Every structure is written in C-alpha cells, then in structure tokens.
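If you read the sequence shown in my numbering, its first letter stands for residue 1, the second for the next number, and so on.
Hints listed in this document are in silico derivations from the structure and should not be mistaken for laboratory results.
Model, not experiment: these values are computed from the prediction.
One or more of the hints may lead you astray.
Claimed, not checked - Each pair of labels, with its calculated beta carbon distance range:
1. Gln41 with Arg83: 18 to 26 angstroms
2. Ser6 with Ala141: 29 to 37 angstroms
3. Trp162 with Pro8: 27 to 35 angstroms
4. Arg12 with Arg69: 25 to 33 angstroms
5. Arg12 with Leu161: 32 to 40 angstroms
6. Trp162 with Arg12: 35 to 43 angstroms
Here a beta-carbon is modelled for each residue, glycine too, at the ideal position from N, C-alpha and C.
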Amino acid sequence: LLAEDSLPIRERLRSMIEESGIATVVGEDGSIARVRQLFKQLEPDAVVLDLQLADGTSYALIEEIKRTRPDCLVMVLTNFAVRAYRDRCLALGADHFFEKSVEFDRVVEVLAALRDAWASIKRAPTQRPEVDHLLDASAVAMYACDLDGFITFRNAAAVALWGDEPQGGPAQWCGTQRLYT
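Taking the hints into account, I'd like the entire structure generated from these sequences.
What follows is the structure, encoded as structure tokens:
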C-alpha cells in the first residue's frame, strides 16, 4: 500500500516495485482518510507512508497500523529527514525511515528482503536465516520463546532492551517471565 501525497513520486515508486517483480501494489492514495480505508480493506503486508500527506502527518496512521496489525511492515519515506521526525516515527512503530532524496531505492530493497523472508518461512520453517536477518535489522524488540519459556530467538533490539545477551539460567527465560521473577 503506497501512501504518498505526490502523484509523480507515487507513480515512480509503483513503477519501481512492479518492474522489480518483488511485490504487488494493492492500493495507493495521498490522504489519511483514504489510506486508512484502503488499509482496512486490503490488509497489506507492507505500507510505504510519506510523513506529510495531503491532510496531515502520518503519525496517527503509523500508530494505528502497528496497533491493529503489528506484523505489517511500515516504511516512512520523506523529504523531512529530521532526527526528531525519525525518532518519533520509529517510536510510534515504523520499521524503517528513509529520506527520499538519498534512500528512495531502499524501499525496494526492504520489500525484496520481506518477500525472501516469507518465501523462506514457507520453504523451511526451521531454517530461516533470511527471516532472522530481517528481524534482527528491525528497530522493534522481538523475541520468541518455546513452550518452556526459553528464548529461541531474539533480535538486536531485544538484547538492547534487556541490556544483555541471555547466557543461561534466569536470563535464558522469556523477557516477560523475567519481569515477574
């Protein structure tokens, strides 16, 4: 789903995605209300948002998308590459924040990694190096535990959140369990 105020930018992005063959653009618009509607109807795997849309900033959209569909990849592509905007978007749940003038092509790279990750999960659910790499690159802390509560996967953001790399003993238990022990 492409949410971009500028029609030429939206057309360029759509062309890049479609020509690469990595994904299908299922919807696009430049207004918050219409993007919200498209998101609910189409349930995309990824959303590319401009920080500034025709009727306001995308902050509420980022938060809403991540609250309702945490698995949806959210990329912000903007001309306003100010650290404060980046920090706020990431704090609201955006997975990536790219500056249009120098990182435009990164959107296609991330979508390619997402496609490869999904293909890897479908091929071999126990051997997922591409998925682990993609999840490890995320700014969102993520971890998985087995039925006994032992951590089976953690990304770099989870390690940073916990303050250390789980080694064994109590530190090997799931982060939620550690909060209550």
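To see whether the hints hold, each was checked on the structure:
For Gln41 and Arg83, the hinted distance range of 18 to 26 angstroms is not satisfied, since their beta carbons lie about 34 angstroms from each other. Checked against the hint of 29 to 37 angstroms, the C-beta distance between Ser6 and Ala141 comes to roughly 33 angstroms, which is consistent with it. Range check, Trp162 to Pro8: Cβ separation about 45 angstroms, and the 27 to 35 angstroms hint is violated. The given range of 25 to 33 angstroms is respected by Arg12 and Arg69, whose C-beta atoms sit roughly 26 angstroms from each other.
Checked against the given bound of 32 to 40 angstroms, the beta carbons of Arg12 and Leu161, roughly 37 angstroms apart, stay inside it. Checked against the given bound of 35 to 43 angstroms, the beta carbons of Trp162 and Arg12, roughly 41 angstroms apart, stay inside it.
Of the numbered hints stated above, those contradicted by the structure are hints 1, 3, listed in ascending order.
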